[in-house]
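Listed in order, the protein sequences are those of chains B and Y.
First residue of the first sequence? That's 1 in UniProt numbering, and the numbers climb one at a time after it.
First residue of the second sequence? That's 1 in UniProt numbering, and the numbers climb one at a time after it.
One should not assume that every hint holds.
Dumping the calculated DSS-like pairs for lysine-lysine here, alpha-carbon to alpha-carbon at most 25 Å [what the hints assert, rightly or not]: (1) 153(Y) / 244(B); (2) 203(Y) / 315(Y); (3) 51(Y) / 332(B); (4) 203(B) / 137(B); (5) 315(Y) / 374(Y); (6) 98(Y) / 154(B).
Cβ-to-Cβ under 7 Å is the rule here; a few derived chain B residues that face chain Y [to be verified]: (7) 23; (8) 33; (9) 41; (10) 44; (11) 119; (12) 248; (13) 254; (14) 267.
Honestly, the hints are just simulated from the structure, not real lab data.
In this text, all values refer to a predicted model and were calculated from it rather than measured experimentally.
Positions of the beta carbon are idealized from the N, C-alpha and C atoms, including for glycine.
Each chain, written out:
Protein chains: 2
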Amino acid sequence: MNCGEGIDTRQIDELYINLDPIQAGGRLTTDAMKAVLAYGDGYSVCDHCNKPFRLDYISKPPLAEFHKDLAAFVNMDTARLVPGARRGFQAVADALVKPDDPVLLTAYSHYTEFISVEQARGTPFEIPADESHIITKDAAADRIEEVIRTTGKKPALMFVEQVDYQYGNLHPVADIIKVAHQYDIPVLCNGAYTVGIMEVDGKALGADFLVGSGHKSMAAPAPSGVLATTNEWAETVFRTTRVKGDLTGRTFGIKEVEMMGCTLMGVTSVGMMASFPHVKKRVKEFDSQVKYVNQIVDALLSIEGTTVQSEYLRKHTLTRMNTTESFDKIAKTHKKRGFFLTSALKERGITGILAGSTRVWKFNSYGVTEEQAKYVADAFVDIAKAEGLSCSS
Amino acid sequence: MNCGEGIDTRQIDELYINLDPIQAGGRLTTDAMKAVLAYGDGYSVCDHCNKPFRLDYISKPPLAEFHKDLAAFVNMDTARLVPGARRGFQAVADALVKPDDPVLLTAYSHYTEFISVEQARGTPFEIPADESHIITKDAAADRIEEVIRTTGKKPALMFVEQVDYQYGNLHPVADIIKVAHQYDIPVLCNGAYTVGIMEVDGKALGADFLVGSGHKSMAAPAPSGVLATTNEWAETVFRTTRVKGDLTGRTFGIKEVEMMGCTLMGVTSVGMMASFPHVKKRVKEFDSQVKYVNQIVDALLSIEGTTVQSEYLRKHTLTRMNTTESFDKIAKTHKKRGFFLTSALKERGITGILAGSTRVWKFNSYGVTEEQAKYVADAFVDIAKAEGLSCSS
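Let the sequences and hints guide you as you build the complete structure.
This is the structure in structure tokens:
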């Protein structure tokens, strides 16, 4: 068999309301689709590359301007495109963390943040969450003190997630960063679930590094992302190459070490750029999205036994529910077992929740319309009632 | 202004014969274009991701099978997708090179190979080329001996390019690797200009690591590439994460440290996979491409004063010419100065040579048809004659 021939057409987002926790903010805009076709070839953006030879200096297509716009968009001094948020973490960790350095992360840090520390040979220490699943400044302060006391070293870097992947909670990043800065610890704010979704002001947060994901939250093809920083830290993380060919004497211009030179050519950078006007607009409309997710959560909470594990009211569309005492009771005797819920949703044109989940599961309603929000809310109640669960709505 | 609106349609490859040195092998196939549209969203390939959660285990679309096919295609034991060849260099350098370790490269190593060494804090040493611009096994042996003598350390890694970016010459990689192995030095073979262009047999070369570029030579969107290795080295470069959340006890499954977990989702992996059947076919037809480039070079050599700096007869389509004693003489007095040549080519529907070049310049005729090869050959002679240069053809 020829694996290239096994690629089916995929129409998930054309045929369904997709509540997948990680897919919602990355769906391409129509403009991104068009741009992807015009710039499918990787080096297509290099047609007009001139000295200095680097992606963020190319003016046609307007990548140079896009880099400036991106930095302004998140209110940071400078920005670079990276092949996914993880490569932004990697760049910062490699630039700042030496072997055996302690590094602070949180109880909700993503695996890619941990791996960036592992790759830099640092030692990770988690800041615990409180009982509401929030990382607080006090917890950060306590952990910093403890790590300094037990390791005898100041942490080289702190990672903190603006909105985390587990609960979709919005953490008090500005406060946490203020604490870290009292100890002169630089902070990377992981905005994978926020940059491109809601308005993010890096300076107001006090972030030294701000990382966003193109394919998670900026309607861009994968792998794409953005790493933004301040003038203070730019010369560290975006330092240019100093290596030299010892016989030929070759040097390599202004290519940046942690970026490995140019990063995103073709579909990834141009797709991200094509979606950018839409992304700039949609972040201003996030309030509606928050309203819609709360409507859906309220409908779920009206089903007896259902609880929301994320903070409530919701401040972000990524949400973690607990239906152990509602849908999971049905699953125990249903002929479709745990698959009855996702199956019933699919019959109603709703997809994206992990198949078989009836206890703890996540959804992300980002991008639904007012009508779709109501439809999804009603669908959950409808399914519950059909299975004999009592509902207060 | 809105930079997202500044993206013009690009039709270089529709309207011209494109001889760009780096673009030729990366142009998407029609199947890749279609796949890019169906899988534009990054996480679209993750719909059916199940335990173990990793890109190379996904069976729908058939990424698991594709990874196996890719390894077989280059005759290595195992392969992973990476965001560009450079990220393959980075992974290997980070896994093998410790600070201050000597690392061997060649006089023709690409800047991204150097930067991967710089990032790993290694010290680069170049193997010189001979007067025919070939890296020989004797030069490699001499340099290994010298580096061991002067640094007191055995090089941690050697990079060698199968075909280099400067001359497009085919180097005796198998012989060089044999020498390196006598000193137990592992070798990364850079196949950015060969994997996907000509048949490459990693085992026959003896390569410990073989790196290819999707957007340079496999008709895939950027950033994409492949890192293949042997069973012996897989556990080093593809080692799985061992990091742990110190409070939560979280571990991160079988994600690989140097890959930063999953690598290419959506357009990049699916585009590469869609082109793969075509790529497997076209490598078997490389002889024709070599015939065509030699026809073009022969036509150029018929222009008095012109020399070819690459090895001749050509064994690869990427070629470096010297027209200092032919076209550059015309440029000195032409009203378009050095731009007359690229301008005259453009009038004839040929593009891709660096604008303004009339001394030393590169072209890559990869992908031309028999008719186009003749047309390009004739065009050069035609331009030369029109400018009064004498031609022997």
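Against the structure, the hints come out as follows:
Taking the CA atoms of residue 153(Y) and residue 244(B), the gap is about 20 Å. The hint holds against a cut of 25 Å. Taking the CA atoms of residue 203(Y) and residue 315(Y), the gap is about 21 Å. The hint holds against a cut of 25 Å. Annotation: proposed proximity of residue 51(Y) to residue 332(B) holds, straight-line Cα distance about 23 Å (limit 25 Å). Among the hinted pairs, residue 203(B) with residue 137(B) is consistent with the structure: their alpha-carbon atoms are about 18 Å apart, no more than 25 Å.
A distance of roughly 18 Å separates the Cα atoms of residue 315(Y) and residue 374(Y); the hinted pair therefore holds under the 25 Å criterion. Distance hint between residue 98(Y) and residue 154(B) is fulfilled; the C-alpha atoms sit about 24 Å from each other, no more than 25 Å. For residue 23(B), the interface hint holds, since its Cβ comes within 7 Å of a Cβ in chain Y; the closest pair sits about 4 Å apart. Look at residue 33(B): its Cβ gets to within about 6 Å of chain Y, closer than 7 Å, so that hint holds up.
Residue-level restraint check for residue 41(B) holds (minimum Cβ-Cβ distance to chain Y is 5 Å; threshold 7 Å). Annotation: interface hint on residue 44(B) holds; nearest CB of chain Y at approximately 5 Å, less than 7 Å. Taken as an interface hint, residue 119(B) checks out: its beta carbon lies about 5 Å from the nearest beta carbon of chain Y, inside 7 Å. Using the Cβ-Cβ criterion of 7 Å, the hint placing residue 248(B) at the interface with chain Y is satisfied: the shortest such distance is roughly 5 Å.
Nearest Cβ of chain Y to the Cβ of residue 254(B): about 11 Å, over the 7 Å cut. The hint is violated. Taking 7 Å as the C-beta contact cut-off toward chain Y, the hint placing residue 267(B) at the interface holds, the least distance being around 4 Å.
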